[in-house]
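Number of protein chains: 2
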Amino acid sequence: MVYVIGTSTTSFEQHLERSIVSLGMEALIGALKDAGISKDRIESCYFANALAPILFGDTTVGQNVMAAAGINEIPVVNVENACTSGSTAFYLAVNAIKAGECDIALVMGAEKMCVPGFGLINSGATELDTLLGMVTPATFALRAKRHMHEYGTTMEQLAAVTVKNRGHAALNPGARLRKPETVEQVLASPMIADPLTRSQCCPIADGASALILASDRVAAEFDRTIKVEAVVLASGIYDEKQDLARWKTDYLTAEKAYAKAGIGPEDIDLVECHDAFSISEILHYEALGLCAPGEGGHFVESGQAGLGGRVPVNVSGGLLSRGHPIAATGVAQISELVTQLRHEAGKRQVEDCRTALAHCMGGDKAGDTKSCTIVLLSR
Amino acid sequence: MVYVIGTSTTSFEQHLERSIVSLGMEALIGALKDAGISKDRIESCYFANALAPILFGDTTVGQNVMAAAGINEIPVVNVENACTSGSTAFYLAVNAIKAGECDIALVMGAEKMCVPGFGLINSGATELDTLLGMVTPATFALRAKRHMHEYGTTMEQLAAVTVKNRGHAALNPGARLRKPETVEQVLASPMIADPLTRSQCCPIADGASALILASDRVAAEFDRTIKVEAVVLASGIYDEKQDLARWKTDYLTAEKAYAKAGIGPEDIDLVECHDAFSISEILHYEALGLCAPGEGGHFVESGQAGLGGRVPVNVSGGLLSRGHPIAATGVAQISELVTQLRHEAGKRQVEDCRTALAHCMGGDKAGDTKSCTIVLLSR
Chain C
538 MVYVIGTSTT SFEQHLERSI VSLGMEALIG ALKDAGISKD RIESCYFANA LAPILFGDTT
598 VGQNVMAAAG INEIPVVNVE NACTSGSTAF YLAVNAIKAG ECDIALVMGA EKMCVPGFGL
658 INSGATELDT LLGMVTPATF ALRAKRHMHE YGTTMEQLAA VTVKNRGHAA LNPGARLRKP
718 ETVEQVLASP MIADPLTRSQ CCPIADGASA LILASDRVAA EFDRTIKVEA VVLASGIYDE
778 KQDLARWKTD YLTAEKAYAK AGIGPEDIDL VECHDAFSIS EILHYEALGL CAPGEGGHFV
838 ESGQAGLGGR VPVNVSGGLL SRGHPIAATG VAQISELVTQ LRHEAGKRQV EDCRTALAHC
898 MGGDKAGDTK SCTIVLLSR
Chain V
538 MVYVIGTSTT SFEQHLERSI VSLGMEALIG ALKDAGISKD RIESCYFANA LAPILFGDTT
598 VGQNVMAAAG INEIPVVNVE NACTSGSTAF YLAVNAIKAG ECDIALVMGA EKMCVPGFGL
658 INSGATELDT LLGMVTPATF ALRAKRHMHE YGTTMEQLAA VTVKNRGHAA LNPGARLRKP
718 ETVEQVLASP MIADPLTRSQ CCPIADGASA LILASDRVAA EFDRTIKVEA VVLASGIYDE
778 KQDLARWKTD YLTAEKAYAK AGIGPEDIDL VECHDAFSIS EILHYEALGL CAPGEGGHFV
838 ESGQAGLGGR VPVNVSGGLL SRGHPIAATG VAQISELVTQ LRHEAGKRQV EDCRTALAHC
898 MGGDKAGDTK SCTIVLLSR
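Protein chains in written order, with the working numbering: chain C, 538 to 916; chain V, 538 to 916.
For the record, the hints were derived by calculation from the structure and aren't laboratory data. Possibly wrong hints are sitting among the right ones.
Identical chains share a label here; the pair holds if one copy fits it or two copies do between them.
[What the hints assert, rightly or not] Derived pair list, reagent style DSS-like, types lysine-lysine, alpha-carbon separation capped at 25 angstroms:
id, residue 1, residue 2
1, 793, 635
2, 797, 785
3, 635, 797
4, 778, 793
5, 778, 682
6, 764, 635
7, 793, 884
8, 778, 576
9, 576, 793
10, 635, 778
11, 682, 793
12, 570, 778
13, 570, 797
14, 716, 576
15, 785, 576
16, 570, 716
17, 793, 716
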């Protein structure tokens, strides 16, 4: 069994004058303090970053952060798995502890995206889909159109996702977009790819998040530990006809995670899911079993996914409002679960939160996702 | 316990008209055939690549190879750890099997470097050392100068490393530089960073290598299995005064690997080590305990590291002659050990090879390496 014993997340915003190392150090120091341990206890580091090679020509960035922290001689692994980079690092750290390689492991995701001229539209510059115009917002717009066609999902229901997550973000001092928006404002923002307006697309951000994991051999030393019930990582299905109203891999990963943990969707008190676009969150409600297929639009519009609702989703603000520093996101989602499961989330605390789920998805290919992760935690 | 049950490596050369996916597919198909299994048995993929984001703007390349192979729904992890990317992927796959996550895992390293205008001189474009002129060949030249000063190592001894590895490569149809060179020819090649001439610097290359690993639960199904005795991954020491004639991390990683496996340098029948430059191989002889500190120059000059010598080193041709497609190298080194331990290496077979070691090193920082791996295998 593996436990989370410490966590910390920087604010997600435009940190224009800070480096990845500076952001990583802030998250690391916060997590060490939170766990109540010195850096000498860290035996292993799983470091996620997606864009430093492309934007800065840098590699092995994890070692740069460890060097700044004076952490020597430990295994350091640099992981990239698109938007699931951070949760993949978490998966690897859990494996390392289960394999007996270490008792205390650091997981970190850190990303710096706010640099002049950079936007994130393409997914794989040499991918055929991208070359043919299937840039990221376009693929999600097609999914939204299909869901609207098939189930009668409305523009207002799509917008309700953003409205909810902006409302949550207003309670999270670390979120990037904290100003509430109404359905009318979301729909009136500039059209990016019909029907998705700008307010329905997640903003880029700079930020870092860290988690410290421990084996059951040492976990008893620590207070406020949170249990890892299951972690599942899966890649997509590329050779089958795809259905735009669902990612098959999303459903399969959820099934595996629930089976592995012996937990069902009815047991979940909180979800952080990969709301890269408003439609994504609606599709993920359905895949995670929070509501029936086709009912995602109603689920959010009726308030069931909001703080105080049946299953609060993206109480952090989600990607749409907290911001989406690619490799930091997967770690920050788990960090939010840990904070909530400890009942330390302040104004955005989910009442009696005992079991929580983080869901992440990375990369498009052949109508499916390239990577999907689900993490189940309990207090 | 973990076993290698299949392996395959493409030729390392300028594959100008081929993609990473094409090279990866060749290695994958070869490894499946070698293991005698269908692709449906692969439960997990650990994929190493270092340069595709920088050179092609691509990420999650492992999923592109899996998609081409029709391998769906499995965990795919993209790993980058400079020159140890491939051996780090191996480390992660061993952990996954030990953790009970899977019984059969694929490890792949694939790299395409031969693109117009590309050379690999810098190590971390924003690193202070690089900005101050400490580009890669310069740091190794300083190490060579220091070793010569401290131990009387000669230009001829440095050149002997290349001469030996070119001789080995002549026996390896997959090696990039197969034409024998004399000490005089090596010393007469253009000076890159005094005292290192061009023939003492490894060439870039395109290529891929794959390994299939199995748990002891399923290994009995397979013939010609090779046992993983130990894998150690370690990062550097960045806050101590460094000694140019040795990487402290190189010594510490070797100590840990020998201790973990209960094997000593006297038990090793074959070494593949990270001869990025001639001086590197000499320093690694000493760190790995093949000879005493300071005696590396004599060790190679006297023929002890050559095929038929006391401990053959880099019988594949090494980085210097087989070529160095960054992330493929760490996997290819282990692939060579497996081939030798099975006694299937043809003209370059090491007689009665029973225990073998692969050593890899990645990235410079603060006078130390950013990453070092050692893998110990036995038949």
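* 25 angstroms Cα threshold - placement of residue 884 relative to residue 793 -> neither (33 angstroms within a copy, 49 angstroms between copies)
* Asked: What label fits residue 635 with residue 778 when the C-alpha limit is 25 angstroms: within, between, both, or neither?
  -> neither (37 angstroms within a copy, 35 angstroms between copies)
* Asked: Which holds for residue 764 with residue 635 at a C-alpha limit of 25 angstroms: within a copy, between copies, both or neither?
  -> both (13 angstroms within a copy, 21 angstroms between copies)
* Asked: When no copy is specified for residue 785 and residue 576, does a C-alpha distance of 25 angstroms or less occur within a copy, between copies, both, or neither?
  -> Result: close only across copies, 21 angstroms inter versus 42 angstroms intra.
* How do residue 570 and residue 778 come out at 25 angstroms by Cα distance, when the copy is not named: within, between, both, or neither? -> neither (49 angstroms within a copy, 29 angstroms between copies)
* Homomeric proximity label, residue 793 with residue 635: Cα distance no greater than 25 angstroms -> both (19 angstroms within a copy, 20 angstroms between copies)
* Asked: Is it within, between, both or neither when you check residue 778 against residue 682 at 25 angstroms Cα-Cα?
  -> within (18 angstroms within a copy, 61 angstroms between copies)
* residue 570 and residue 797: within-copy, between-copy, both or neither at 25 angstroms Cα -> neither (32 angstroms within a copy, 32 angstroms between copies)
* Should residue 570 paired with residue 716 be assigned to within, between, both, or neither, using CA atoms and 25 angstroms as the limit? -> neither (31 angstroms within a copy, 58 angstroms between copies)
* At most 25 angstroms between C-alpha atoms: does residue 778 with residue 793 qualify within a copy, between copies, both, or neither? -> within (22 angstroms within a copy, 50 angstroms between copies)
* Alpha-carbon proximity between residue 793 and residue 716, which holds within one copy, between copies, both or neither at 25 angstroms -> So residue 793 and residue 716 fail the 25 angstroms test inside a copy (37 angstroms) and across (54 angstroms) alike.
* Within a copy, between copies, both or neither: where do residue 716 and residue 576 come within 25 angstroms Cα-Cα? -> Result: close neither inside a copy nor across copies, 37 angstroms intra and 50 angstroms inter.
Hints 7, 10, 11, 12, 13, 14, 16, 17 from the list above are not met by this structure, while the remaining hints are.
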